[in-house]
Amino acid sequence: MQEDLNATSHSTEELIEKRQILNSVLIQQMKSMLSRLLSKVRSIASPFRSISMSSSIPSMPPRVYCWRRSRRSLRASFDDKENVSNCIQLKTSVIKGIKNQLLEQFPDIETWLNHIMPKKDPVKIVRCHEHIEILTVNGELLFFRQREGPFYPTLRLLHKYPFILPHQQVDKGAIKFVLSGANIMCPGLTSPGAKLYPAAADTAVMSADSIEKVNKGIGIENVHYLNDGLWHMKTYK
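Numbering of the sequence shown is given in full-length UniProt numbering, commencing with residue 1 and proceeding in unit increments.
These are computed hints drawn from the structure, not numbers from a lab.
For each residue, glycine too, the CB sits at the ideal point set by N, CA and C.
Check before you lean on any hint, since a few could be wrong.
[Said to hold, decoys possible] Per label pair, the in silico range of CB-to-CB distance:
(1) V137 / H232: 18 to 26 Å
(2) E110 / H167: 13 to 21 Å
(3) L90 / K216: 29 to 37 Å
(4) L103 / Y236: 39 to 47 Å
(5) E130 / G217: 22 to 30 Å
(6) A208 / K172: 17 to 25 Å
(7) L113 / Q89: 18 to 26 Å
(8) P118 / P187: 39 to 47 Å
(9) E104 / T235: 24 to 32 Å
(10) G139 / P166: 24 to 32 Å
(11) G173 / K91: 46 to 54 Å
(12) A208 / K96: 14 to 22 Å
[What the hints assert, rightly or not] With a straight-line Cα cutoff of 25 Å, these simulated DSS-like cross-link-like pairs (lysine-lysine) come out:
(13) K234 / K91
(14) K120 / K234
(15) K99 / K119
(16) K124 / K96
(17) K119 / K91
(18) K172 / K119
(19) K237 / K124
(20) K176 / K160
(21) K176 / K216
(22) K124 / K172
(23) K237 / K160
(24) K160 / K99
(25) K234 / K99
(26) K120 / K91
(27) K96 / K119
(28) K216 / K120
(29) K237 / K172
(30) K120 / K172
(31) K160 / K172
(32) K176 / K234
Please model the entire structure based on the sequences and the hints provided.
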């Protein structure tokens with residue numbers, strides 16, 4: 001009887017030891033998978049900064065918000081076959097006027113404007129549905145606007161020239177919502193931010209002081225973000 005008990009005890013200890021080894025292996029595998037996932041996320045959207053235009057351009061007129069409300073369906077399939085109405089090459093006089101408007105909206109761009117829009121390179125306006133216009137140079141999408149409203153720089157341009165606009169970091173927990181097109185709430189702007197690449201071009205609803213004092217409701221309207229239709233369009237020729 002004692003031998004049977006000893007054998008049973010030994011068998012139980014072996015089973016426990018095997019389970020511990022298996023659990024250890026599973027934990028290591030999960031850590032490895034999580035590490036790879038985090039690396040992939042960082043490569044896509046790091047370091048993140050939500051871009052605020054409040055100090056660079058005038059307040060966006062109410063009509064522009066129409067695109068904010070309707071853009072979800074547009075972003076889902078934004079490409080040159082379905083969304084582009086036509087494309088026109090601009091005359092020198094028109095280009096000059098647009099450059100003056102850009103300088104007025106974004107004073108910090110003055111030194112670099114001739115690099116962004118070289119004088120001899122073809123400048124075109126790509127007209128899309130929803131009254132959206134995209135300014136391109138050599139096929140590269142640089143700025144966009146709606147209904148003759150203010151220009152917004154594309155995120156690809158901001159990645160090259162991040163100083164064009166002031167930036168606002170957001171709470172780490174808000175990143176996934178911003179990357180899905182959500183507006184940025186005030187509490188997400190007043191807590192410690194995450195240091196990542198520009199991931200959204202936005203327009204401020206409140207001033208910085210109001211966001212800090214009120215600390216509730218929408219602080220910044222999301223206009224253009226990583227992996228939306230405009231981001232995936234990349235170029236147009």
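Going through the hints against the structure:
1. V137 / H232: 18 to 26 Å: 19 Å, holds
2. E110 / H167: 13 to 21 Å: Once the Cβ atoms are compared, 19 Å apart, the range 13 to 21 Å for H167 and E110 holds.
3. L90 / K216: 29 to 37 Å: 44 Å, violated
4. L103 / Y236: 39 to 47 Å: The hint (39 to 47 Å, Cβ to Cβ) is violated, given that L103 and Y236 are roughly 24 Å apart.
5. E130 / G217: 22 to 30 Å: 26 Å, holds
6. A208 / K172: 17 to 25 Å: 20 Å Cβ-Cβ, so the 17 to 25 Å window holds.
7. L113 / Q89: 18 to 26 Å: Between L113 and Q89, where Cβ atoms are some 19 Å apart, the hint holds.
8. P118 / P187: 39 to 47 Å: Holds: the Cβ-Cβ distance is about 43 Å, inside 39 to 47 Å.
9. E104 / T235: 24 to 32 Å: 27 Å, holds
10. G139 / P166: 24 to 32 Å: Holds - the Cβ-Cβ distance for G139 and P166, about 29 Å, lies within 24 to 32 Å.
11. G173 / K91: 46 to 54 Å: Given range 46 to 54 Å: holds, Cβ gap about 48 Å.
12. A208 / K96: 14 to 22 Å: For A208 and K96 the Cβ distance comes to about 34 Å; the hint is violated.
13. K234 / K91: Within the cut-off at roughly 24 Å; holds.
14. K120 / K234: 22 Å, holds
15. K99 / K119: At roughly 11 Å apart (the allowed maximum being 25 Å), K119 and K99 satisfy the hint.
16. K124 / K96: With Cα atoms ~13 Å apart, K124 and K96 stay inside 25 Å; holds.
17. K119 / K91: Status holds; Cα separation ~12 Å.
18. K172 / K119: 41 Å, violated
19. K237 / K124: Answer holds: K237 to K124 is near 9 Å, not above 25 Å.
20. K176 / K160: OK: K176 and K160 at ~23 Å, within 25 Å.
21. K176 / K216: 19 Å, holds
22. K124 / K172: 38 Å, violated
23. K237 / K160: 21 Å, holds
24. K160 / K99: With a Cα-Cα distance of about 18 Å, the restraint between K160 and K99 holds, given a limit of 25 Å.
25. K234 / K99: 22 Å, holds
26. K120 / K91: 12 Å, holds
27. K96 / K119: Roughly 10 Å separates the two Cα atoms, so the pair holds.
28. K216 / K120: 48 Å, violated
29. K237 / K172: 37 Å, violated
30. K120 / K172: Violated. K120 to K172 sits at ~43 Å, over the 25 Å cutoff.
31. K160 / K172: 23 Å, holds
32. K176 / K234: 22 Å, holds
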